[in-house]
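Spelled out, the chains give:
2 protein chains.
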Amino acid sequence: MSVAIVLAEQASVRADDRGLNYGDGVFETLRIHAGRPLWWDAHWQRLRRGAAVLAIEMPEHDAVVHACAALLAPAADGVLKLLLTRGGGGRGYAPPEPAQPQLLISRHALPPPWPAAGGRVRWSQLRLGIQPLLAGIKHCNRLEQVLARREWSDPDIHESLLCDALGAPTCAVSGNLFVLRDGVWLTPLLDRAGVAGLCRQWLLAQGIGHEQRLCVADVEQADAVFLCNAVRGILPVCAVGERQMALPPQLQVVMQALAAAEPAFARTR
Amino acid sequence: MSVAIVLAEQASVRADDRGLNYGDGVFETLRIHAGRPLWWDAHWQRLRRGAAVLAIEMPEHDAVVHACAALLAPAADGVLKLLLTRGGGGRGYAPPEPAQPQLLISRHALPPPWPAAGGRVRWSQLRLGIQPLLAGIKHCNRLEQVLARREWSDPDIHESLLCDALGAPTCAVSGNLFVLRDGVWLTPLLDRAGVAGLCRQWLLAQGIGHEQRLCVADVEQADAVFLCNAVRGILPVCAVGERQMALPPQLQVVMQALAAAEPAFARTR
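Protein chains in written order, with the working numbering: chain U, 888 to 1156; chain B, 888 to 1156.
For reference, chain U alone in the conformation it holds in the complex (with noise of 0.2 Å):
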């Protein structure tokens, strides 16, 4: 059987769905901007490499690329989802053999912008569960998301940074970390936690920055920090904690290469 491809407006998702009972599946968000996605290949890789760990069949490429299109038609920026899961399922664990998948597709607002100058991030009492076999894909077991996101409401914080079970930061909610230790850039190793998001990707690819296990004290004196995700692209850290940051040259250079690269990044969403 081959994977239902379904536009959100449209579906009607089956109740005893693998997603809905098991977060049973993976996704993407894709930035659009004038009305093409950004990093489609990379996105697609990521959801084959994560469909892989689960065992979920992938919907067929040509069929996803033409039922994204009437989506995509609207030339205004906005955030493109995609969510497979593993469909219909019986109660239980063991997966229904074989399994029906459903791709679903949908369209969304963009975030409300991030300070130019700056945001302010706090440290996430929670510490995020090491599971190497799910550590790196963007599956939807989030519920450690969503309960660090409900830690704060304060609008003048903008996200909040997680370690890990063994104390080791790891990212924020909804994107990478970057910090810049003696001129270098840095990023956590995701073999135990967290997404590999693909605007992380991206700087690693150009040689901006390289992986490495932080501890708290990398970040809380880092001479920079700023935060990425591929639908709002680098966000800048004026502040973690008490701790005020600074923005220098090295960021902005970061930010100007990948807006040369990506137009869309030109401005800080």
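There is no bait here: all hints are sound.
As the list makes no split between identical chains, a pair holds if one copy fits it or if it spans any two.
SDA-like cross-link-like pairs, simulated, lysine to any residue; straight-line CA separation at most 25 Å:
#1 Lys968 <-> Arg935
#2 Lys968 <-> Gly979
#3 Lys968 <-> Pro998
#4 Lys968 <-> Leu997
#5 Lys968 <-> Ala956
#6 Lys968 <-> Gln987
#7 Lys968 <-> Arg978
#8 Lys968 <-> Pro999
Note that these hints are calculated values from the structure, not bench results.
Got chain U; can you put chain B on it based on the hints?
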């Protein structure tokens, strides 16, 4: 807003339901016997505890009882599932305020019977991530269980035992674990991972066993092992990996105690 209560066969779940997108919900599976759900109050209280952890509004109790009545009318044995999700929400982890949670109610067949002479269990290669904030509640982030259940397809293997990330035996894929050591039944602490099952809770309330941090040797060298859950009751284990396990009189005592209190469990399922 009150919580919508929907029978699953009639349900049209929104594509933006947070249960579907993030596993943002909790559930209960109740044994139905002779048209009556067992341990209703205990299930309701656990649903309430889980909803409180996630800050999801609870449905009105009497309305749920009323809605369940139609599904309970056939007197045949079965399973009743209650699935409470936070309902629809915008893209992003921050829950909408106010949310419009939804309770989906569905009826299912009993699982195939567990061997009366004992089931064979294996050790899972997967180690459960440690997340004290979610440990014990029956939330919908169940990818670890889905992956663990996919590790074997041999029909002569009936369950897997799971350790947590620190190596402590915690539970089976779909049940809790009891081991007999020096004449005492022990069951793992569930402060780091696992679901606090209601058959386990019933047994502990009867003074049958107590909670303790276990190590693998406690299981490997146990004088007897059983699993349990609220749908199937006591599930005797006749082998853990290559090691055969006895089904001693102490195990019969436990099974008889449960069967005396709840005749639904007089026959091993």
